Amino acid sequence: MSSLTSNAEANLELNPLQRGWQRFLRFLFPPESDTWLTVFRTGLGLQVTLYALFLRTDWHYLFASSGKGLVGREVGEAITSFESPLIPRFGWLIAVGRSLNISEETVLTVAWVGLLSAGFLLLLGLLSRPAAIVAWFVHLCASESGGLLAYGADNFMTTALFYLMLSPLPDRYSFDHWVAKTKLKNPKTLGFWRRVLQVHLCFVYFIGGLAKSLGSGWWDGSNLWRSLIRPPFNLVSPELLVQFKYVLPLVGISICLLEVSYPLFIWLKRTRWIWLGCVLVMHAAIGLMMGLYLFALIMIVMNIAAFGVPSASSGAEMVSGPHQQ
Amino acid sequence: MYSKRIHVVWFGIHFFLVTAVCLAGVFWLIAQGATILPSACNEFAHKAELGATWCLGKEAGASNPFRTGIASYLHAAGIQAGYSFFAPNVPSHHRLTLELFHGDGRVEYESPHVRSKAAALRLDSLLDKLPEQRYESVREALVKMLAFSVWREHPDVKKVRATFGSINPPGMNEFEQGKTETFQPMFSFDFSLRGEEQQ
Chain U
0 MSSLTSNAEA NLELNPLQRG WQRFLRFLFP PESDTWLTVF RTGLGLQVTL YALFLRTDWH
60 YLFASSGKGL VGREVGEAIT SFESPLIPRF GWLIAVGRSL NISEETVLTV AWVGLLSAGF
120 LLLLGLLSRP AAIVAWFVHL CASESGGLLA YGADNFMTTA LFYLMLSPLP DRYSFDHWVA
180 KTKLKNPKTL GFWRRVLQVH LCFVYFIGGL AKSLGSGWWD GSNLWRSLIR PPFNLVSPEL
240 LVQFKYVLPL VGISICLLEV SYPLFIWLKR TRWIWLGCVL VMHAAIGLMM GLYLFALIMI
300 VMNIAAFGVP SASSGAEMVS GPHQQ
Chain W
0 MYSKRIHVVW FGIHFFLVTA VCLAGVFWLI AQGATILPSA CNEFAHKAEL GATWCLGKEA
60 GASNPFRTGI ASYLHAAGIQ AGYSFFAPNV PSHHRLTLEL FHGDGRVEYE SPHVRSKAAA
120 LRLDSLLDKL PEQRYESVRE ALVKMLAFSV WREHPDVKKV RATFGSINPP GMNEFEQGKT
180 ETFQPMFSFD FSLRGEEQQ
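These protein sequences, in sequence, are chains U and W. Residue 221 in numbering that gives the first Met the number 0 sits at position 222 of the first sequence, and the numbers go up by one each step. Residue 2 in numbering that gives the first Met the number 0 sits at position 3 of the second sequence, and the numbers go up by one each step.
If we strip away everything but chain W, and leave its shape as in the complex, we get (with noise of 0.2 Å):
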């Protein structure tokens, strides 16, 4: 009996917290105004994202150990991120074209490279996560990253332009039109050996 109270209790625990995680995602795409509802509902879907992330401990201190606690076990029971895959709406594709200016004068046009299908998933997984607000801190430097990543396979190559954008592929009648799809750049950044600037 006492082991069943115990499991109770855990599930009780572990739906609720996955309950929070959920809808806290949804209201924030309400939020965002990405839905079809109207945005009349996007204040009040603000405040219920709010009360759903204080359900998780999110408004608590860093170092709070109540916000830290839940943190781990979201993490360990992977529950951390809601289910909203390719909703409301799929997400465009993410592009990081890197000019390679060789010693003599040579341009080469290159991108991040991974060998196996698996990792490239993955390598687009991080492009697309690019330019989300969340990662803008660490934007910089990870692009710095994925340019030394291709530095190292050149090592003659003085100067790397790094060149980030979305990819907006055609509707299926603008397909249909001969139409293909089109780069729209978002920042870019120049990295020499001596030091970067950005542009």
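Here chain U stands alone, though its shape is the one from the complex (with noise of 0.2 Å):
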């Protein structure tokens, strides 16, 4: 009780300035427990081993040279390292294979078995960190050699990848913690890695909902119909379509609105449940109505982890046992 009151007390001494510093590092670092990493490890896991499986028949003919590929790795990494020449990409590690008199098509393979491993390691919780940083960097060095062929889904895993190397792992329920009884770490740098991740998600679809908001055909469902009849996303029948021809304005404007006030709604307790399982439903039918699965998939594992999972500091479950600082 005294020390309540010297905390009260205290407070009252500090200027508005200070006080709001202290209520953003309180917003920063929440106490949270670990279960929000494993949705986010194993969600990332399925995620990096189906993204290295669609890709298999494809690999080596993607990411070859000139002349035994579709359009050869140089042009995206020439576009790369116009950039900046830090930027990691196939072409070291095949230059580093050329060194050791190994051929592209050997780096290339183990590359790929490098990524599928890391996936199914990260599913396990096997060598949690080891696996997410080798996951980052193949993932990476894929995205940018073949610049060219990339597409939003490869930005989101690039970004995933990385907070997830970054967060404190492992986590409770990895077979790192299991094996080698690893101490659990600080709940507050827990709480701050989610916080990033929830941040990065509203300006997603703040960023998102705005661009949207800006164009006519968002607002009258044309958007709509031309995305979902345009190849390669056609699935849905435009005939199928046609009948739902009232109901797409509708729907256009729902995603506009969605997306620019989920910055406001996913954090008030009222509405979080409201507005989280509208944005899965909307990633799920973009998955199966345009077939752009693996990026249904990351857009969904970034959600449950970052509020899906019932925070700590509401009263849930807390860690327990001893902490690592």
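Calculated from the structure, these hints are not laboratory results. Check before you lean on any hint, since a few could be wrong.
Said to hold, decoys possible - Computed beta-carbon distance windows for the label pairs:
1. U:GLN242 x W:LYS3: 55 to 63 Å
2. W:LYS178 x U:THR56: 47 to 55 Å
3. W:PRO154 x U:GLN242: 43 to 51 Å
4. U:LEU24 x W:SER136: 42 to 50 Å
5. W:HIS153 x U:ALA77: 37 to 45 Å
To be verified - Straight-line distance between alpha carbons at most 27 Å, and here's what the computed DSSO-like set of lysine-lysine pairs gives:
6. U:LYS67 x W:LYS3
7. W:LYS158 x U:LYS67
8. W:LYS3 x U:LYS182
9. W:LYS143 x U:LYS67
Said to hold, decoys possible - Residues from chain W that face chain U, not an exhaustive set, calculated with beta carbons under 7 Å:
10. LEU49
11. TRP53
12. PHE65
13. HIS92
14. ALA117
15. ALA119
16. PRO154
Only a predicted model underlies this, so the values are computations on that prediction, with no experimental measurement involved. The C-beta atom is built at its ideal place from N, Cα and C for all residues, glycine as well.
With the hints as a guide, bring both chains together as one complex.
Set out below in structure tokens:
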């Protein structure tokens, strides 16, 4: 009781700026359990595994050098190195392989096997951090070497793997914790990395929603029509879509409003589950109706890890046992 | 406490960069006149876009360490592009048709292809990027490589004509009236074993 009083007195002594700063720090470092990290790790493990398996048959064709592949890795790498020579790409690994008398084909195969293995290890939680680093690095090389072949899902995967590799792994449901009996991490550090993911998603939806709202086609449903009949996303027949012609403008407007208002309503306890549910349904629909399975999965994983797992500070379970600072 | 400060500083820098990238993207869309905003906003948006890109070091020289450092970080964190997918409007779809002229006079039509659906999505992403102004310098080389990827499967072909264009889908009302998509050629290239000639 006396400590509570002294805290309150100390708070009164702070000027508004200092009080705001303290509030900001409390927002950034909420005590958090590692359940969200388990969801994030396993979700990304599944994502990386599926990414590697989906590209299995075309892996060499997409990333081989000119004359062997689709367009040749060199064009993407030249564009990337114009941005910065420090951005990782397959060309680095292939140069190392060449100096060791290893062919380009073998290096690409090893990279693919490394990515698939990293995905499996993340799913299990075995060697969690090394697996996260390998997955991030190989995926980044693939995104940059095939820069012109990349699309939105690749950026989200890079970001998610970047956050995962910096997060306080391993979590308590991982094999690492079970086998090596690693100490559980500081709840405030866990809370910080969850906040990073949450704030990032707010940027994603707000900017996405704002940009859509600036286009006339999202208010009359014509953009929804165009996106659903546009190859290669045209999985639903146009004849079927025409039957819902009066619903499309409503769905288009709902998407704009849902995304723009995400940074507000996802934080309010009363509306969080509604907004999260609607966003998950939207991504599931994008995956199923447009064939963007990897894009849908990464967005669902990020959303569930960020907002779908009950927060420890809201009265749910807390990490128990010794903590590592 | 020291670790906490590092975290806070990183958080500030990281999300400052995310904000700059996102705003640069949105202001670029407005400056291009691609939005429903009045054209009076275009000039302001262009200036604002320059301000945002300046924060990212893009106005500095190509070898400037500040610029390369920021670019490396943005790519490493996957935050180098904004999040305005399919916005403000859904872009047109593009197609590359290859006319294969065989030695015996036969003519076949093909398109670059891959095996899996996941890779097909990526090929479509590449085709949609080709008309962008920033890829103008590598456009011909890319089309040539795509043509060559098909040519390898048909070694007896003497000449390839690559025609690139956009596909304009019908609107919903037009579709109900029986209209179908239209193909609008944008550019074409002729490639032969001895050399190539642009049309």
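Verification of the hints:
no. : hint                            : result
1   : U:GLN242 x W:LYS3: 55 to 63 Å   : 57 Å, holds
2   : W:LYS178 x U:THR56: 47 to 55 Å  : 37 Å, violated
3   : W:PRO154 x U:GLN242: 43 to 51 Å : 49 Å, holds
4   : U:LEU24 x W:SER136: 42 to 50 Å  : 48 Å, holds
5   : W:HIS153 x U:ALA77: 37 to 45 Å  : 28 Å, violated
6   : U:LYS67 x W:LYS3                : 50 Å, violated
7   : W:LYS158 x U:LYS67              : 20 Å, holds
8   : W:LYS3 x U:LYS182               : 20 Å, holds
9   : W:LYS143 x U:LYS67              : 13 Å, holds
10  : LEU49                           : 18 Å, violated
11  : TRP53                           : 16 Å, violated
12  : PHE65                           : 11 Å, violated
13  : HIS92                           : 5 Å, holds
14  : ALA117                          : 4 Å, holds
15  : ALA119                          : 6 Å, holds
16  : PRO154                          : 14 Å, violated
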